[in-house]
Structure formats: structure tokens, C-alpha cells
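Engineer: Take a look at the letters that make up each chain.
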Amino acid sequence: MPFFPHTQQDVAEMLARIGVPSIDALFDEIPRALQCAELSGLPAGLNEMAVVRLAQARAQQDGFYANFIGAGAYEHHIPAAIWPIVTRGEFYSAYTPYQAEASQGTLQLLYEYQSMMAGLTGLEVSNASLYDGASALAEAILMAVRAARGGARRVLVPATVHPRYRAVARAIVAHQGIELVELPYCSERGHSLAEALERQDPTGLAAVVVPQPNFFGVLEPVDRLTDWAHAHACRVIAVVNPVSLALLKPPGQWGEKGADICVGDGQPLGVPLSSGGPYFGFMTARMELVRQMPGRIVGRTVDLEGKPGFALTLQAREQHIRRAKATSNICTNQGLLVTAATLYLALLGPQGLKEVALACHARTRDLVARLTAIEGVARVFSGPYFHEAALRLPAKVPEVLRALRAQGILGGYDLGRDYPELADALLVCATETKTEDDLNDYAQKLARILSRRREAPPCAYKS
Amino acid sequence: MLIFDLSRPGRRAAAQSVGPALAPDDLPAELLRQAPPPLPEVSELDAVRHYTRLSQRNFSIDTHFYPLGSCTMKYNPRACNAVALLPQFAARHPLADADTGQGLLACLYELQEMLKAVTGMAGVSLAPMAGAQGEFAGVAMIRAYHHARGDRARSEIIVPDAAHGTNPATAMMCGYSVREIPTDRDGNVDLDALRAAVGPHTAGLMLTNPSTLGVFEQRIVEIQAIVHEAGGLTYYDGANLNAILGRVRPGDMGFDVIHMNLHKTFSTPHGGGGPGAGPVGVSERLLPYLPVPIVVEESGYYRLVGEEERPQSIGRLSAFGGNMGVLLRAWTYARMLGREGMRQVADYAALNANYLAAELKRAGFDLAYPERRASHEFIVTLKRLKEATGVTAMDFAKRLLDYGFHAPTTYFPLLVPECLLIEPTETESKATLDAFVAAMIKVREEAMREPQLVKTAPHNLPVRRLDDVRAARELDLVWRGQSS
Numbered sequence: 001m002p003f004f005p006h007t008q009q010d011v012a013e014m015l016a017r018i019g020v021p022s023i024d025a026l027f028d029e030i031p032r033a034l035q036c037a038e039l040s041g042l043p044a045g046l047n048e049m050a051v052v053r054l055a056q057a058r059a060q061q062d063g064f065y066a067n068f069i070g071a072g073a074y075e076h077h078i079p080a081a082i083w084p085i086v087t088r089g090e091f092y093s094a095y096t097p098y099q100a101e102a103s104q105g106t107l108q109l110l111y112e113y114q115s116m117m118a119g120l121t122g123l124e125v126s127n128a129s130l131y132d133g134a135s136a137l138a139e140a141i142l143m144a145v146r147a148a149r150g151g152a153r154r155v156l157v158p159a160t161v162h163p164r165y166r167a168v169a170r171a172i173v174a175h176q177g178i179e180l181v182e183l184p185y186c187s188e189r190g191h192s193l194a195e196a197l198e199r200q201d202p203t204g205l206a207a208v209v210v211p212q213p214n215f216f217g218v219l220e221p222v223d224r225l226t227d228w229a230h231a232h233a234c235r236v237i238a239v240v241n242p243v244s245l246a247l248l249k250p251p252g253q254w255g256e257k258g259a260d261i262c263v264g265d266g267q268p269l270g271v272p273l274s275s276g277g278p279y280f281g282f283m284t285a286r287m288e289l290v291r292q293m294p295g296r297i298v299g300r301t302v303d304l305e306g307k308p309g310f311a312l313t314l315q316a317r318e319q320h321i322r323r324a325k326a327t328s329n330i331c332t333n334q335g336l337l338v339t340a341a342t343l344y345l346a347l348l349g350p351q352g353l354k355e356v357a358l359a360c361h362a363r364t365r366d367l368v369a370r371l372t373a374i375e376g377v378a379r380v381f382s383g384p385y386f387h388e389a390a391l392r393l394p395a396k397v398p399e400v401l402r403a404l405r406a407q408g409i410l411g412g413y414d415l416g417r418d419y420p421e422l423a424d425a426l427l428v429c430a431t432e433t434k435t436e437d438d439l440n441d442y443a444q445k446l447a448r449i450l451s452r453r454r455e456a457p458p459c460a461y462k463s
Numbered sequence: 464m465l466i467f468d469l470s471r472p473g474r475r476a477a478a479q480s481v482g483p484a485l486a487p488d489d490l491p492a493e494l495l496r497q498a499p500p501p502l503p504e505v506s507e508l509d510a511v512r513h514y515t516r517l518s519q520r521n522f523s524i525d526t527h528f529y530p531l532g533s534c535t536m537k538y539n540p541r542a543c544n545a546v547a548l549l550p551q552f553a554a555r556h557p558l559a560d561a562d563t564g565q566g567l568l569a570c571l572y573e574l575q576e577m578l579k580a581v582t583g584m585a586g587v588s589l590a591p592m593a594g595a596q597g598e599f600a601g602v603a604m605i606r607a608y609h610h611a612r613g614d615r616a617r618s619e620i621i622v623p624d625a626a627h628g629t630n631p632a633t634a635m636m637c638g639y640s641v642r643e644i645p646t647d648r649d650g651n652v653d654l655d656a657l658r659a660a661v662g663p664h665t666a667g668l669m670l671t672n673p674s675t676l677g678v679f680e681q682r683i684v685e686i687q688a689i690v691h692e693a694g695g696l697t698y699y700d701g702a703n704l705n706a707i708l709g710r711v712r713p714g715d716m717g718f719d720v721i722h723m724n725l726h727k728t729f730s731t732p733h734g735g736g737g738p739g740a741g742p743v744g745v746s747e748r749l750l751p752y753l754p755v756p757i758v759v760e761e762s763g764y765y766r767l768v769g770e771e772e773r774p775q776s777i778g779r780l781s782a783f784g785g786n787m788g789v790l791l792r793a794w795t796y797a798r799m800l801g802r803e804g805m806r807q808v809a810d811y812a813a814l815n816a817n818y819l820a821a822e823l824k825r826a827g828f829d830l831a832y833p834e835r836r837a838s839h840e841f842i843v844t845l846k847r848l849k850e851a852t853g854v855t856a857m858d859f860a861k862r863l864l865d866y867g868f869h870a871p872t873t874y875f876p877l878l879v880p881e882c883l884l885i886e887p888t889e890t891e892s893k894a895t896l897d898a899f900v901a902a903m904i905k906v907r908e909e910a911m912r913e914p915q916l917v918k919t920a921p922h923n924l925p926v927r928r929l930d931d932v933r934a935a936r937e938l939d940l941v942w943r944g945q946s947s
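Quick note, the sequences are listed as chains A and B, same order.
Be aware that the first sequence starts at 1, since it is given in the working numbering, and climbs by one per residue.
Be aware that the second sequence starts at 464, since it is given in the working numbering, and climbs by one per residue.
One chain only, chain A, in its complex shape:
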């Protein structure tokens, strides 16, 4: 059921004007031997009703769960006003604003977005977004290496940075001879070991990555890490959760001089979880680094009557102009998701965003208190945390998660998947969407599962 408007008469008239007998004749420059007959392996077309019914049935099969997983993607309330505006055809079906005069809506929105992100992170400039938080970290590493003096190509990446972010950074920077060096964490408190950093040889070091909060939810000693990096002439790349910045010190104020580049995933700002995307990556930086930034950047200017307007700017950094010498091969941003985030930040405002951050933190503290009241459950790390915490369980984590899932609860993220030393640890998160009843329900079910486990062999409740 394709979407073309042609009647048979249109087709006949158009072919006559072209001067060919058939549509097939339009493909006569393609070697005949290559042309395929009917595509096998593809189903027949369906009408909209049938496809939507099929999708609905599959969505229902997946169902809903009470979600306590965070680990880089966070369940937040999305104000109802956001998505009807995001999916207005004028935003939804426009493209990159190459024709600025016909794209002032998208361009002004991006300028407002850049302003909000710069303000939130305490840095001077922002780009118009990247694909996601992980690829934004990879781009920040490339950017720091480009800006480094003396060809420095080593970057310190703490083990407390999201494991998937580290994997993506490796995959993307691997081909350019950049060395990513892991920095260990304190097994008691859960933050990066500043002492281990201070023992590093700073020769050839381009940057230090500093997450806040880190993957375990633990707060890092950002001032000390930042100051060490700057004392050794390397840049600081902050990796942050944007919601946390309503409460936590912005990267632009870390240490004496502030972080140089800040990246993260914008998903918490009005973007649905959607099994992993589309989200967007944000990137802000000091002004002195703006020409090293990847991606689209919007600037305010004037038209020929002196009236203010907006346009893509500094395009000489980009692949469509600079080709092989561009700062990145990136061509798109994540415009639609940035539209959602801009609306989210406008609707929440400084006070609303702070309330969300405080509520997330309070719910997680409440959850941690309820869960650690269960015999054998304890916090893994003693350091202060925001909005997410690692808990040690007196049972095998995958089995407990399976049992919880059978009762409608996604209990958290199994840290043993990425950290062998944390095989008995679970990362839990509760946001503002969870009520006391939700927390209580989780605690009760976990208590029951763990006590049954003490009384019966594990296979008794396999689901």
C-alpha cells in the first residue's frame, strides 16, 4: 500500500511527456542482467489498519512493568503538551535547516536549546546535539585530542563511566590511534580513586573523563579530579545526567577552572525510554573549543533589514564543506528529540526541574531504605549517591530479577554483567514517577522472594 497519488491517466500523460512507452523504460540504463524480478522474502503489503492491529497486538504482548532500572536511561513523567507539538508536521517532517529563511522555527528552537544546555551545564557554548550520550562521549574524546597540544593521544576513562559508553568510545576512537586508559574505583566508597589518578604519568595525556553521578549513582570528587587534570595541562570531559544538574554543581564550576567539555544523554528531558532510542546526546564546551566541536551549531544573526534571525553557523567545521578534514562525519543532529527537550525544560523551568531532581533522589533514598531493611540486603558503596544506588543481594541477581519480573517488576540492573567483582550487586533507581505504594510493593515482593529462597532450593521459583 504505497503512498503515491498518481491516477492511470496521470501516468499515461507523464510517460507521453517524457517520451517513453512505460515506466520500465525509465530503468533502461541499468544493465538488464542486474534487474531483479519480484522480490522474494518480502511479505505482501498491508493496509494501515492491519499493520496497526499487528503492532498493537505485539505491544500488548510486551505489556507494562513497574520499572526500577536506570543505568543510563530514566523513566520520567513526560508532560502531555510535549509530543503533540514535537510531532506537528512542521517540526516532524522538516529537514536540516539549510534554507535558513524557511526554517526559522527549527533554528530558533535550536538556539534556545543551546542556550538552555549551556546554562544548565555552566559552559559557554552548545552544539545542536549528537546521536546519544555514548557517541557524544566518543566525539568529546576526539575533540579533546584534536585540541591537545603536542599530539597527546591518551585519555583517562574511569571504570565508573557507564560500561556501554566506554564500549562505544572504544569502537569509535579505536581507528585513530587513541589510547583509552582505565582508572580504577574505590571498592568501599564507589567513586574514582583520586590517588590512582594522581599516580598517573601525565605525559601524552589529552583528557580525563569525569562522570557525575557515576554509573553506580555515586558522586565523584569532581573538584579534585578536575584540578589535577588542569594542573597537568589536560582537558576535563564531564559526563552528566542533565536532570541532576538542577541540584548538583554544574561542570562549568568544577574545581578552580571548570570542566572543558560536557556531554551526556538528553533522554531524561522529555524523551520516552522506547527500548533505547531515539535519544539525543548533548555537548557543551568552553568558547575557545567551539571550532573543534562536531555537529550542527546555530547562531543568531540579522537579515538584510537588520531584523534578528537564526542560521546554521561555523559550517566550515563540517563534512559537507570540509570533507576529509571535517571535525566529524556527523551529518544529522537529533532535532526531534531536542524539540522535546526544549519544551521539557521550558515547561519545568528552574524550580520544576529541581523538584524533579529532588523527588528522584528522595524516592531512591526511600527505596534504598526499604530494601536494605530486608535481611541480607545492603548498600555496596558508602559514598554519597544521587538518584541511583548499588545494593548487594544475598542471592543470585539474575534469579531474583527473574522472579521479580514474573511479578511485574523490573528490579534493577545486574552489575555483574559488566563488573565481575560485583556479581552479587544490583543497581536500582526510583524516579518521581514512583509512589510510596510502588516502593512498598517492590520491597515486599523482594522480601518474599529472598525469604522463600532461604527456605527452598532456587529451582522452586524459576519462571
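Don't read these hints as lab results, they were simulated from the structure.
Because the structure is a prediction, the values reported are computed rather than measured.
Wrong hints could be hidden among the right ones.
[As the list claims (entries may be wrong)] Computed list of chain B residues with no C-beta within reach of chain A, every gap over 10 Å:
(1) 774
(2) 851
(3) 861
[To be verified] Below, computed lysine to aspartate or glutamate pairings styled on DMTMM-like, alpha-carbon distance capped at 20 Å:
(4) 918/B <-> 865/B
(5) 307/A <-> 560/B
(6) 396/A <-> 560/B
(7) 396/A <-> 562/B
(8) 307/A <-> 489/B
(9) 354/A <-> 489/B
(10) 354/A <-> 366/A
(11) 257/A <-> 366/A
Note that the Cβ used here is the ideal one computed from N, Cα and C, for glycine as well.
Go by the hints and put chain B onto chain A.
Structural biologist: Chain B only, in chain A's frame:
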């Protein structure tokens, strides 16, 4: 008027308040924010009205003919969005177990299989989040293949001069140097130049077909054979897949890698510049290197497979495996089209492009390759008009905006002077194409009669011609408190 200009201290969208919460007595004071972030303080209606009005300052497919060459700006069916936003799909956490996502994974698996069928490749990964990331994945796989065979001497990627800028930029990101080869008079790759360029240093060739010149590369089989004989691999840039969907398959042409832009060919929206999705398809020999995750099906059970089970993979390109919501939109589109519809996409895209080219030629416009069939797009060059009137392709494009048409792509490809790259797509009607021809004729008449009118266009849009030079010279990238 910026959203910040509407801000008043203490104003709020009260319904969005989640209520007061405990002060964070457990967090060290030195880690807390001192001053609130400089976000606007507005009511819900302020925000809704402001952004609704902003949207009205855009051209879009839903409101205007948008023949932006090389971007495939076709209608984005609404059903695709409705499916992606089904509440269970929208709410699912990316790290939830596969048990909780069998419905979603079934859709992704089907999409993966349909893309295999339509490209003729041996395997597909849905992981890349955009076309440029698909290119990155493709070239990284080529590199992984050579390295796995102990062949580290191959240091160069060959790119025709008509290529998108992402091709050379991608090759560089993958640690290669770039060798450009020229295009011949008919718009084909210069085969002698290609033969001279290949050798033991050749890692691969990146080729867009149909090319950005809007023509099908007629000696495509020879081209891939030349590169393969030299030990290089061949990369098919699928940016223009819309032109050949269901007609001819890159796998049958002998290519090793292809990326697809789902926001073009599979009609997921462009969203003001994204999100996209850039799945990659590969030949047998590149299967082990596909980026993860891959969707697999075992006795009716679906799951995502990561690097643990695919140790030779080039790795992960995103934290959570790709733009799932975009992939769901593409699945919806592909299921609606089916096998017949896929072929009709190419048929009607070619019909519209060739019709529009014929009509413009008849009206006296110069086609860059008048002897060639248009694929799904074609190039008009305004070189003669510029010489006669001083009116440039940019001026011409801006005047088209005044007549309610989004401009074609201008000044790309770089080979053709004063060019307009025009891609009407299959979803436009003959009446719309005829109206566009009339506007082209009208602007040309204006250029002849009153060039200043065209040179100072646009006249009817929210802003007049913008000062790009000032935008780059006096950088104003964030609002700093002064009112506009």
C-alpha cells in the same frame, strides 16, 4: 521573541510541579549547585503557544513541496509515528530482559530480514543511528576484515569526487587517507582513473549509486570487479536507495557493504535534522564484523546479541543498540508497502523525476546530464542564467521560497556550477510538479526582467536574506540575557 523574553520570576507551569521534596541532607554541600540554572520561567500556555508559533515558521513536507535533492523528502505516513508511540513500546526500558520485549523484537527482526531481502545482502545490523554512522560501521568493517587477514598495508579509501562529504570524513575517522577519483563527461566514474588508483594500498571504494549526479552508474559491475581484483572491498552508499528499491539490489551487483538511510527510503521523519537510522548490510565475508546488537531468532524466541557472542564485531555504536523508535517507524512503512509497494516506490520516484526533468528541459532549463535518464533526482544548472543576469543558484533558490516551494539542494554536487539538485519523490502529484515548473519559469522571468528582485529574495518569509558571514564572525550561539 525568545522563550526567555516571556520569562517572569516565579511564573510556572504549575501542573508540571511534582511537589516539594526533602532537602538533600545526605549530599555534600560542595557538590551542590548554588544558583538555579538560567532556564525560562513560563506558564504552560506560554510554552505551548511559543513553540506552536515557532513551528509555523518552518517549511516541511506536510506543508510544502520539498524537492531537496539527495534527501528524499517524501511523505512520512502518520501510522508509522502512531506505532512507534504505542504506550508499551514507548515505556519499555532498553535494559529490560528480552522476555519483556518479544513483540518489539519481532518487529525489529522482521525489519532486519526485509532489509536483507531488499538489498540482497547476507546480513544486516540495525545498530547505526544515522547514515553517517552506517558509513562509519561499513568502513570500520572493511578495516577489520583486512586486519583479520593480517593485511595492514591497505591505507586508502577511494571516493569519487561527486560523493557526499560524509564519505571522505568517514574514511578519515576510520584512520584511512582518501583518494578522490574524477567523474567522466556522462556522469560515470572515470574507469581509467579508477584502474590507475587501485593497488595493494587500496582498502576499498565508497560509491553512491545512483550517484549524487542523479544517474545510475552503468559500469557498476566492472567498477566493483576492478576494486575486488586489487584486493579492496566495495562500499555501496545507499543514500539514493529510493531510486532502485525493488528494481536492482546492491548484493546482486557484488558489493560488500551497504548502508541505508531509513529516514529517506523508509520514510521515517527527518525531524528538523534527525533522528535517522542507518542500518548496514554486508556480504558473507563481512558477517562476523557487523556492529552489535544483532536481533536473532531461535525457535520463535527473539533476543539481542552483543559482543560476548560476536567477538569479531566492530563493537557498539550507541549505548542502547540503536534508534528503536525510528526502526519501528520503518517497520510499519515496510509492512504497509510490502513487496509490490517497494518496487512502486522506485517506479514512481523515477517517473516523477524524469517527468519533472523533461518539463524543465522543455521550458528551456539546462540539465547537467541531458542525455541520461534521471534516477530519482536530476541536476539543473543555472550557469547561463548567472552569466546573463548575475542571479545565482542561491538567489534563485531563495526566490522559490517566496512561491511556497522549498528550494532544491544548491551547490551540491560540487562538480556542476550553479546547480540545483532536484528530487521530487514518488509521493508528489503531477499537479504539484506542474506548479513547481511554473514557479521555476516565473523566477527565471523575474531574473531576466528584474534581477534585483531575485537577488534580494526572499520577500515573503518571516525573515529576509540572513547574514551568514555575520553569524560566523560575531558568534552569538547562546542567549545571554539581552532581549531580541
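Engineer: Run every hint past the structure and note whether it holds.
Structural biologist: A quick look at each hint next to the structure:
no.	hint	in the structure
1	774	holds (13 Å)
2	851	holds (24 Å)
3	861	violated (7 Å)
4	918/B <-> 865/B	holds (12 Å)
5	307/A <-> 560/B	violated (54 Å)
6	396/A <-> 560/B	holds (16 Å)
7	396/A <-> 562/B	holds (19 Å)
8	307/A <-> 489/B	violated (50 Å)
9	354/A <-> 489/B	holds (16 Å)
10	354/A <-> 366/A	holds (18 Å)
11	257/A <-> 366/A	violated (36 Å)
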